[in-house]
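Position chain B against the provided structure of chain A, taking the given hints into account.
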Amino acid sequence: MEKKVDYTEQDAVMELSEAFRRMGIALGRRRTGDYLILWGFVLFAGGMLVGITKYGFLWNVAVLAGSVGTILITINRVRQMMRAGMNFPEGPYIGSMWLSLLLYAIIIFGIVKMTGKVSLTGIQVSLFFLNFAMLGYVLMGILIGKELAIIGILTSAASILSGLFLKKIFSFVMALICLVAFVGGGIYINKKWDIQK
Amino acid sequence: MKVDLDEIIHQPTRTKIVASLYALGEGEEIEFVSLKELLGLSDGNLSSHLAKLEEVGYVRIRKTFEGKRPKTYISLTAKGRKAFENYVKILREIINVK
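These protein sequences, in sequence, are chains A and B.
Going by the numbering used here, the first residue of the first sequence is number 2, and it counts up by one from there.
Going by the numbering used here, the first residue of the second sequence is number 1423, and it counts up by one from there.
Just chain A, with the same shape it has in the complex (with noise of 0.2 Å):
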């Protein structure tokens, strides 16, 4: 036998909006892990390349491939989330963040070359800019679940190992570790935010 309870119209609305405001949020934080994802094979694509081909200016074309892939899905992700309702409250935060840290990964980097005493090898220049990226993933953590700032911090350890012990096959290597970091953090937030898991 079900229990009397005190349920009026006006209660009924307010039951309502929550409902449509939360699925709106759990539809909107749906498929987050594609940027990482798209990130995870554009430098791997990126690395393998220079790696095989040493050119370095390759890594400049993964990156405005990657941009542009961002972008796109960026674009597809509004459009569908005004279309349906949908909210990514985590999102502006997320996407200033990355924002800021790449803004202060170009900005330091300026200002090392900026001094002209420094010269700096294609190992310590990748090293930098996936580190601070690694930085991302633990900030990342504190909003999305602690697994990913393990990875961030394990990805760093891996890079910065690689790139004492393993120069001669770097490129390669970093290849890889950007494979698995990044795919394998897309594949974590998909998946953790998957309602259908």
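If you are wondering where the hints come from, they were derived from the structure by calculation, not from laboratory data.
Accuracy of the hints is not assured; some may be wrong.
[Said to hold, decoys possible] From the derived model, a few chain B residues whose C-beta atoms are all more than 12 Å from chain A: (1) S1469; (2) F1487; (3) T1499; (4) R1503; (5) K1504.
[What the hints assert, rightly or not] Here are some chain B residues pointing at chain A (derived, C-beta under 8 Å): (6) H1432; (7) P1434; (8) K1438; (9) S1442; (10) A1445; (11) L1446; (12) E1451; (13) L1460; (14) L1513; (15) I1517.
[What the hints assert, rightly or not] Straight-line C-alpha distance at most 30 Å; calculated DSS-like pairs for lysine-lysine: (16) K1458/B x K192/A; (17) K168/A x K55/A; (18) K192/A x K1493/B; (19) K193/A x K1490/B; (20) K1490/B x K192/A; (21) K147/A x K1458/B; (22) K168/A x K114/A; (23) K1474/B x K1490/B; (24) K1458/B x K1504/B; (25) K1474/B x K1485/B; (26) K1485/B x K192/A; (27) K1485/B x K1501/B; (28) K1458/B x K193/A; (29) K1493/B x K193/A; (30) K1490/B x K1458/B; (31) K147/A x K1490/B; (32) K1485/B x K1458/B; (33) K114/A x K55/A; (34) K118/A x K55/A; (35) K1485/B x K193/A; (36) K147/A x K1493/B; (37) K147/A x K193/A; (38) K169/A x K114/A.
Nothing here was measured: the structure is a model prediction, and the numbers come from that model.
Think of the CB as a built atom: it goes at the ideal place given N, C-alpha and C, for glycine as much as any other residue.
Leaving out everything else, chain B in the frame of chain A:
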């Protein structure tokens, strides 16, 4: 003219369940655990309300195995969608009259 709200849907937990499934989209399914977490309900509470909704044909419960793990997927049936739309319509009318 007096119009009655659907008593099956007009219950705090069931309103949330049906509204969430409606917001999910037509023909879309959600896993039991995700729905439970989304609504902040216990296993038993969600199960009992889902059983009631399934009894009247508002929800579809699909049980399956993924590997060795049992999975339960919930979706709103066409009858459930219609009932919810009607519920919201009547709710609007009542609130507008008041």
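So, going through the hints one by one against the coordinates:
Separation of S1469/B from chain A is adequate, the least Cβ-Cβ distance of about 14 Å exceeding the 12 Å criterion. With a closest Cβ-Cβ approach of about 15 Å to chain A, F1487/B is found to remain outside the 12 Å limit, as its non-interface label requires. Residue placement check: T1499/B keeps its beta carbon more than 12 Å from all beta carbons of chain A (closest about 17 Å). Every CB of chain A is more than 12 Å from the CB of R1503/B (nearest about 14 Å), matching its label as outside the interface.
Consistency note on K1504/B: stated as away from chain A, and its beta-carbon is indeed over 12 Å from all of that chain's, at 16 Å minimum. At its closest, the beta carbon of H1432/B sits 6 Å from a beta carbon of chain A; the interface hint therefore holds under the 8 Å criterion. A distance limit of 8 Å between C-beta atoms decides the matter here; for P1434/B the minimum to chain A is near 6 Å, and the interface restraint holds. Proximity of K1438/B to chain A holds as hinted, the smallest CB-CB distance being about 5 Å (cut-off 8 Å).
Of the supplied interface hints, the one on S1442/B holds, with its beta-carbon coming within about 5 Å of a beta-carbon of chain A, less than 8 Å. Against a cut-off of 8 Å between C-beta atoms, the interface hint on A1445/B holds, since the closest Cβ of chain A lies about 4 Å away. About 6 Å separates the beta-carbon of L1446/B from the nearest beta-carbon of chain A, less than 8 Å, and the hint is met. Because the beta carbon of E1451/B sits about 6 Å from the nearest beta carbon in chain A, less than 8 Å, this interface hint is met.
Proximity of L1460/B to chain A holds as hinted, the smallest CB-CB distance being about 6 Å (cut-off 8 Å). Given the 8 Å rule on beta carbons, the hint for L1513/B holds: about 6 Å separates it from the nearest Cβ of chain A. The interface hint given for I1517/B holds, since its Cβ lies 6 Å from the closest Cβ of chain A, which is under the 8 Å cut-off. Distance check on the hinted pair: K1458/B and K192/A sit about 16 Å apart at the alpha-carbon level, within 30 Å; holds.
For the suggested pair K168/A and K55/A, the alpha carbons sit about 13 Å apart, so the restraint of at most 30 Å is met. Only pairs whose Cα atoms come within 30 Å are accepted, and K192/A paired with K1493/B is accepted, the gap being roughly 15 Å. For a cut-off of 30 Å, the pair hint linking K193/A to K1490/B stands: about 20 Å separates their Cα positions. Distance restraint check for K1490/B and K192/A: the Cα-Cα separation of roughly 18 Å lies within the 30 Å cut-off, and the hinted pair is therefore satisfied.
Between K147/A and K1458/B, the direct Cα distance comes to roughly 22 Å. Compliance with the 30 Å bound is thereby established for this hinted pair. Using a Cα cut-off of 30 Å, the hinted pair K168/A and K114/A holds, with the two alpha carbons roughly 22 Å apart. Taking the CA atoms of K1474/B and K1490/B, the gap is about 28 Å. The hint holds against a cut of 30 Å. Restraint check for K1458/B and K1504/B: satisfied, since their Cα atoms lie roughly 23 Å apart, inside the 30 Å limit.
As the CA atoms of K1474/B and K1485/B are separated by approximately 17 Å, the hinted pair is consistent with the 30 Å bound. At most 30 Å may separate the alpha-carbon atoms for a hinted pair to count; K1485/B and K192/A meet this at roughly 20 Å. About 20 Å separates the Cα atoms of K1485/B and K1501/B, which keeps this hinted pair within 30 Å; it holds. At most 30 Å may separate the alpha-carbon atoms for a hinted pair to count; K1458/B and K193/A meet this at roughly 15 Å.
At most 30 Å may separate the alpha-carbon atoms for a hinted pair to count; K1493/B and K193/A meet this at roughly 16 Å. Between K1490/B and K1458/B, the direct Cα distance comes to roughly 21 Å. Compliance with the 30 Å bound is thereby established for this hinted pair. For the suggested pair K147/A and K1490/B, the alpha carbons sit about 27 Å apart, so the restraint of at most 30 Å is met. Restraint check for K1485/B and K1458/B: the C-alpha separation of about 16 Å stays at or below 30 Å, so the hint holds.
For the hint linking K114/A to K55/A, the alpha-carbon distance of about 22 Å falls within 30 Å, and the restraint holds. For the proposed pair K118/A and K55/A, the alpha carbon gap of about 25 Å is at most 30 Å, so the pair holds. Of the supplied pair hints, the one linking K1485/B and K193/A holds, its CA atoms being roughly 21 Å apart against a limit of 30 Å. Only pairs whose Cα atoms come within 30 Å are accepted, and K147/A paired with K1493/B is accepted, the gap being roughly 26 Å.
A distance of roughly 12 Å separates the Cα atoms of K147/A and K193/A; the hinted pair therefore holds under the 30 Å criterion. Among the hinted pairs, K169/A with K114/A is consistent with the structure: their alpha-carbon atoms are about 25 Å apart, no more than 30 Å.
Checked against the numbered hints listed earlier, the structure breaks none of them; every hint is satisfied.
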